[in-house]
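Novice: So the protein lines, in turn, are chains A and B.
Per the working numbering: the first sequence = residues 24 to 540.
Per the working numbering: the second sequence = residues 24 to 540.
Treat the hints loosely; a few may be bogus.
Note that identical chains are pooled: a pair holds if it fits in a single copy or bridges any two copies.
[What the hints assert, rightly or not] Simulated pairs of lysine-lysine, DSS-like, Cα-Cα distance not exceeding 25 Å:
#1 K209 with K370
#2 K370 with K233
#3 K233 with K357
#4 K29 with K144
#5 K200 with K510
#6 K233 with K277
#7 K370 with K200
Read the hints as simulated data drawn from the structure, not as lab findings.
There are 2 protein chains.
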Amino acid sequence: MNITRKNFKETFPLIVESINEADFLAIDGEFTGLTNGRKSHSFDTPEERYHKLKEGTCDFLLVQFGLCTFTYKHEEKKYISKAYNFYIFPTPLNRQASDVRFLCQASSLDFLARQSFDFNKVFYEGIPYLNPAEEQSLSDALQERHNQSMNNELTYVSPSYESPAFKGPLVIPEEHKSFIADICKKIETFLKDEQETSLQLPVCTAYQRKLIYEAARKRFKMGIQLDTQTAENRDRFIVVKKASEEEKKLVEQKKREADWEELKDAVGFSNVIREITRSGKLVVGHNMMLDLMHVLHQFASPLPEDYEEFKSLAHCVFPRICDTKLMSSTNPFKVNIPMTDLGNLTKILERAPFAKPNIEFAAEEHSYSTVANQLHEAGYDAYITGLCFISMANFLGTFQVPIPSRIPANSPLLEPFVNKLYVMMVVDIPYMNLVGADLKPNRDHVFHVSFPASWRTSDIVQLFSAFGHVYIAWINDTSALVGLNYKDNAGLVMKTIGEGESYKIQTYKDYCQTTQV
Amino acid sequence: MNITRKNFKETFPLIVESINEADFLAIDGEFTGLTNGRKSHSFDTPEERYHKLKEGTCDFLLVQFGLCTFTYKHEEKKYISKAYNFYIFPTPLNRQASDVRFLCQASSLDFLARQSFDFNKVFYEGIPYLNPAEEQSLSDALQERHNQSMNNELTYVSPSYESPAFKGPLVIPEEHKSFIADICKKIETFLKDEQETSLQLPVCTAYQRKLIYEAARKRFKMGIQLDTQTAENRDRFIVVKKASEEEKKLVEQKKREADWEELKDAVGFSNVIREITRSGKLVVGHNMMLDLMHVLHQFASPLPEDYEEFKSLAHCVFPRICDTKLMSSTNPFKVNIPMTDLGNLTKILERAPFAKPNIEFAAEEHSYSTVANQLHEAGYDAYITGLCFISMANFLGTFQVPIPSRIPANSPLLEPFVNKLYVMMVVDIPYMNLVGADLKPNRDHVFHVSFPASWRTSDIVQLFSAFGHVYIAWINDTSALVGLNYKDNAGLVMKTIGEGESYKIQTYKDYCQTTQV
Ligand SMILES: Nc1nc2c(ncn2[C@@H]2O[C@H](COP(=O)(O)OP(=O)(O)O)[C@@H](O)[C@H]2O)c(=O)[nH]1
Ligand SMILES: Nc1nc2c(ncn2[C@@H]2O[C@H](COP(=O)(O)OP(=O)(O)O)[C@@H](O)[C@H]2O)c(=O)[nH]1
Numbered sequence: 024m025n026i027t028r029k030n031f032k033e034t035f036p037l038i039v040e041s042i043n044e045a046d047f048l049a050i051d052g053e054f055t056g057l058t059n060g061r062k063s064h065s066f067d068t069p070e071e072r073y074h075k076l077k078e079g080t081c082d083f084l085l086v087q088f089g090l091c092t093f094t095y096k097h098e099e100k101k102y103i104s105k106a107y108n109f110y111i112f113p114t115p116l117n118r119q120a121s122d123v124r125f126l127c128q129a130s131s132l133d134f135l136a137r138q139s140f141d142f143n144k145v146f147y148e149g150i151p152y153l154n155p156a157e158e159q160s161l162s163d164a165l166q167e168r169h170n171q172s173m174n175n176e177l178t179y180v181s182p183s184y185e186s187p188a189f190k191g192p193l194v195i196p197e198e199h200k201s202f203i204a205d206i207c208k209k210i211e212t213f214l215k216d217e218q219e220t221s222l223q224l225p226v227c228t229a230y231q232r233k234l235i236y237e238a239a240r241k242r243f244k245m246g247i248q249l250d251t252q253t254a255e256n257r258d259r260f261i262v263v264k265k266a267s268e269e270e271k272k273l274v275e276q277k278k279r280e281a282d283w284e285e286l287k288d289a290v291g292f293s294n295v296i297r298e299i300t301r302s303g304k305l306v307v308g309h310n311m312m313l314d315l316m317h318v319l320h321q322f323a324s325p326l327p328e329d330y331e332e333f334k335s336l337a338h339c340v341f342p343r344i345c346d347t348k349l350m351s352s353t354n355p356f357k358v359n360i361p362m363t364d365l366g367n368l369t370k371i372l373e374r375a376p377f378a379k380p381n382i383e384f385a386a387e388e389h390s391y392s393t394v395a396n397q398l399h400e401a402g403y404d405a406y407i408t409g410l411c412f413i414s415m416a417n418f419l420g421t422f423q424v425p426i427p428s429r430i431p432a433n434s435p436l437l438e439p440f441v442n443k444l445y446v447m448m449v450v451d452i453p454y455m456n457l458v459g460a461d462l463k464p465n466r467d468h469v470f471h472v473s474f475p476a477s478w479r480t481s482d483i484v485q486l487f488s489a490f491g492h493v494y495i496a497w498i499n500d501t502s503a504l505v506g507l508n509y510k511d512n513a514g515l516v517m518k519t520i521g522e523g524e525s526y527k528i529q530t531y532k533d534y535c536q537t538t539q540v
Numbered sequence: 024m025n026i027t028r029k030n031f032k033e034t035f036p037l038i039v040e041s042i043n044e045a046d047f048l049a050i051d052g053e054f055t056g057l058t059n060g061r062k063s064h065s066f067d068t069p070e071e072r073y074h075k076l077k078e079g080t081c082d083f084l085l086v087q088f089g090l091c092t093f094t095y096k097h098e099e100k101k102y103i104s105k106a107y108n109f110y111i112f113p114t115p116l117n118r119q120a121s122d123v124r125f126l127c128q129a130s131s132l133d134f135l136a137r138q139s140f141d142f143n144k145v146f147y148e149g150i151p152y153l154n155p156a157e158e159q160s161l162s163d164a165l166q167e168r169h170n171q172s173m174n175n176e177l178t179y180v181s182p183s184y185e186s187p188a189f190k191g192p193l194v195i196p197e198e199h200k201s202f203i204a205d206i207c208k209k210i211e212t213f214l215k216d217e218q219e220t221s222l223q224l225p226v227c228t229a230y231q232r233k234l235i236y237e238a239a240r241k242r243f244k245m246g247i248q249l250d251t252q253t254a255e256n257r258d259r260f261i262v263v264k265k266a267s268e269e270e271k272k273l274v275e276q277k278k279r280e281a282d283w284e285e286l287k288d289a290v291g292f293s294n295v296i297r298e299i300t301r302s303g304k305l306v307v308g309h310n311m312m313l314d315l316m317h318v319l320h321q322f323a324s325p326l327p328e329d330y331e332e333f334k335s336l337a338h339c340v341f342p343r344i345c346d347t348k349l350m351s352s353t354n355p356f357k358v359n360i361p362m363t364d365l366g367n368l369t370k371i372l373e374r375a376p377f378a379k380p381n382i383e384f385a386a387e388e389h390s391y392s393t394v395a396n397q398l399h400e401a402g403y404d405a406y407i408t409g410l411c412f413i414s415m416a417n418f419l420g421t422f423q424v425p426i427p428s429r430i431p432a433n434s435p436l437l438e439p440f441v442n443k444l445y446v447m448m449v450v451d452i453p454y455m456n457l458v459g460a461d462l463k464p465n466r467d468h469v470f471h472v473s474f475p476a477s478w479r480t481s482d483i484v485q486l487f488s489a490f491g492h493v494y495i496a497w498i499n500d501t502s503a504l505v506g507l508n509y510k511d512n513a514g515l516v517m518k519t520i521g522e523g524e525s526y527k528i529q530t531y532k533d534y535c536q537t538t539q540v
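Bound conformation, chain A alone (with noise of 0.2 Å):
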């Protein structure tokens, strides 16, 4: 079911009750782009990791979310699902709000393209969000603005038009003069004819605006009101009314709770993730590192230089994880499971020795089928996301006596899995571990060497020939982390090579310690 601005509202209730009554959530981002800066390597640190992606890749913007629910039903044995699909969008509230800059790459719009992702329907129609600085950053301002407004005269200020070089109270430039001047004569005839209500001035720029309002504040202290309104040909104009001060009191009250109303409406798809936090409930994801950063960033808070406090800050937004790429790559599934790319892994675990689950839509409006392939749509791949783990969760149980005919979100035999999120690439660190510390293997065997930029691959498989073969990780033009295949040639390295005359070598150890520093 697509979700927009213009469904959110209406549709919200029932999203939470979704969520509420399921059993796990499966959730899924689709983004702007992926990398830009420093390149992730086989050899990160999952905190070098975090920090990388969160330089790199927070600039980009989530622009659509993928909610999948799950609720098991005992007595047809079967799982009952709803997938919400959400396009999400900045568009700022006003002028006090931010105005989000954000990047995009090139080759992944490229890719959404190809994909048929709708991007009008994200720029259109996308559902806004704050943060909760944010939100209350604005609500600050708003309650400002409003003691401001009841405690001076200026009762009428432009919405629209607040430049910042025109905060001081305005001179009216020469050119502009006989303009305003037959503005205020044409308010003060129609202030005169009793039988006329309301007055339309002329179309005019945002800066005469600006200035008719000033004017007329000062000119005429009582008894009329301003508004700026927009025709259909989307010009710009002023009315002005007759008004008693019983009923400017009365528009200003009307107005403030629609800015009421429409900050709580500002804070959107936030709202969404709260719920999520709220429930407590399982959320599973496939290779979900990034749509962690992603949420986080963008609904929670922007995220910590500190890793630990990330950890912190991810396990309080999201109790309760469990990451599907990390079990497919995972025993007992990995000796069974070649490919773990989402669509491949979606088929093989459709087959033996898996099953596929028995699962249901709700209703005609949350179905998707996986036979019409919209592989990379993200209501559709947090669905396959939660397939796949219900395959997988289901699997474990073959290995009990008897075999139970569903192992649920909660079930200790998850456990392994839970809280961890998969680290790509990175061949001796499966995981991140979001409760507890990371592992660190031992890297005796592995090298930083740096050299001039002329060096290929081939002068390192030289430079190391004498140990057999060896994995190269590049970190820049100049730099690499090379890992030796034989470790136990490890201990032979910084003797035999350790001086050279075009090169730098250090044990990974010592490289450690002096990038630390």
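Position chain B with the ligands against the provided structure of chain A, taking the given hints into account.
Specialist: Structure of chain B with the ligands alone, referenced to chain A:
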């Protein structure tokens, strides 16, 4: 006429013809954002403005370019115009090409969405482009790749997969060994079977394909050819074919020609700009500084650090330009034009003392109606910019005796406006001069003040209260430039308020000297 990746190649000759036959061209651009970083203000010099825009706005992307050509028909005394509306997007050509990261501004996308801008057309069908330096470097890389494959046995490197982590000769990881052995056995059987001419290998990951390419290269030195193909459902797999060395060479030759053709196509939209440059025709735009900077940046060369170099570059790419925003805010036009934004300007210039020019579209597909408001579609904006230019040019003619039926684009009457760009917001420097020194107005009545962040406009007004009205240009939270309305008072300022506890004040002259250090 909308021009996208789909019809660009076939339409290009027509576009060139339109440019060549035209009397003048009008252009306009639409961007993914406008402002970022340091704010522009009313006392910017053109050089300061250039640097602010360069830092702030060139990270955004020009995604739509309007070109409208105007050709005068002497017999019929009217202009024939052709409007082209290009959708532009830097789809990366291949892995060697740069994968552009660009910024978006939420409010700008929201603005475009309200104008019914079609983002899908940009990302699905945008015309790619390369600037000359990028073209050269890709051409070099291609040449090198071709030379290399000539010189070594690596004739079939997977074109789609080259992870930086795997630049070395591959060691087949344990978990893939049986899979690769299997594949090799299949190929062996295939080679022995004289009936079969091609063998489709199973779908697998990019990484596995890479392993297959390498393994096959080692095992089967001759007689086979590997090729990665993509199925309907986007699954990718390798097809193995038997091939004599002769056949392999022929295939190779064809592939190379296709590579060069592909590179030529990738230069894409830049060719339009090159044609405009080559034509030497007058190029008209409205408030065109940003358009010009984006065009140079994307299609000619990254913007230079040096301001004078920028002027040379701009003049080199656009030998003759004219900004209708500058014209309309300069006399003899200014006194008759209260609003100079493009929408209003167009309306104003249809009425006395101006006159709607006699224009016809060359054909249905080139047409816009000024009634159906398509404001902010680049092709339409280019069109009405051209209209405005003709009206204003003709208006200059009305001061002649006898009044000529039209003023052509190369008329000396237009010279005062040529090669000057309107500078927004600045009161005393109306334009940037691309072919000479900029104006240096006297600013003895301007002062730089720095103060605590708690200061508001009223504090500055208070500080200067002895000198009458002031004009404040905020630089940031803690500093501003302040201009006196009554310039006669300028001499008294430093004597009277030159020393203060909580603030620091400088003459504009001193300020310029200290900031230039
Ligand atoms: N060491 C290793 N790296 C791989 C392998 N497969 C993929 N990668 C790397 O991991 C990245 C992600 O690929 P993959 O996990 O298949 O895709 P995803 O599931 O959609 O994230 C690729 O860009 C490769 O750099 C593998 O078998 N071994
Ligand atoms: N000093 C001065 N500044 C103005 C005036 N009108 C607009 N501005 C400023 O210039 C900016 C551009 O407005 P405008 O020229 O009307 O729009 P454009 O033609 O579409 O670029 C606005 O955001 C204002 O900050 C004016 O009459 N005097």
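Novice: Reference check for the pair K233 and K277, CA-CA at most 25 Å: within, between, both, or neither?
Specialist: The answer is within: 23 Å in one copy meets 25 Å, while 66 Å across copies does not.
Novice: Given identical chains, is K370 near K200, meaning Cα to Cα at most 25 Å, within a copy, between copies, both, or neither?
Specialist: between (74 Å within a copy, 22 Å between copies)
Novice: From the Cα coordinates, with 25 Å as the cut-off, is the pair K209 and K370 best called within, between, both, or neither?
Specialist: Answer is between: at 23 Å across copies they meet the 25 Å cutoff, but 74 Å inside does not.
Novice: For K200 and K510, with the copy left unspecified, which applies at a CA distance of at most 25 Å: within, between, both, or neither?
Specialist: For K200 and K510, only the inter-copy Cα distance (20 Å) is at most 25 Å; the intra-copy one is 84 Å.
Novice: 25 Å Cα cut-off: does K370 pair with K233 within a copy, between copies, both or neither?
Specialist: Cα proximity of K370 and K233: across copies only (22 Å, versus 62 Å in one copy).
Novice: Please sort K29 with K144 into within, between, both or neither, judging by C-alpha distance up to 25 Å.
Specialist: both (11 Å within a copy, 23 Å between copies)
Novice: When no copy is specified for K233 and K357, does a C-alpha distance of 25 Å or less occur within a copy, between copies, both, or neither?
Specialist: The answer is between: 21 Å across copies meets 25 Å, while 67 Å in one copy does not.
Violated hints for the displayed structure: none, as all numbered hints are satisfied.
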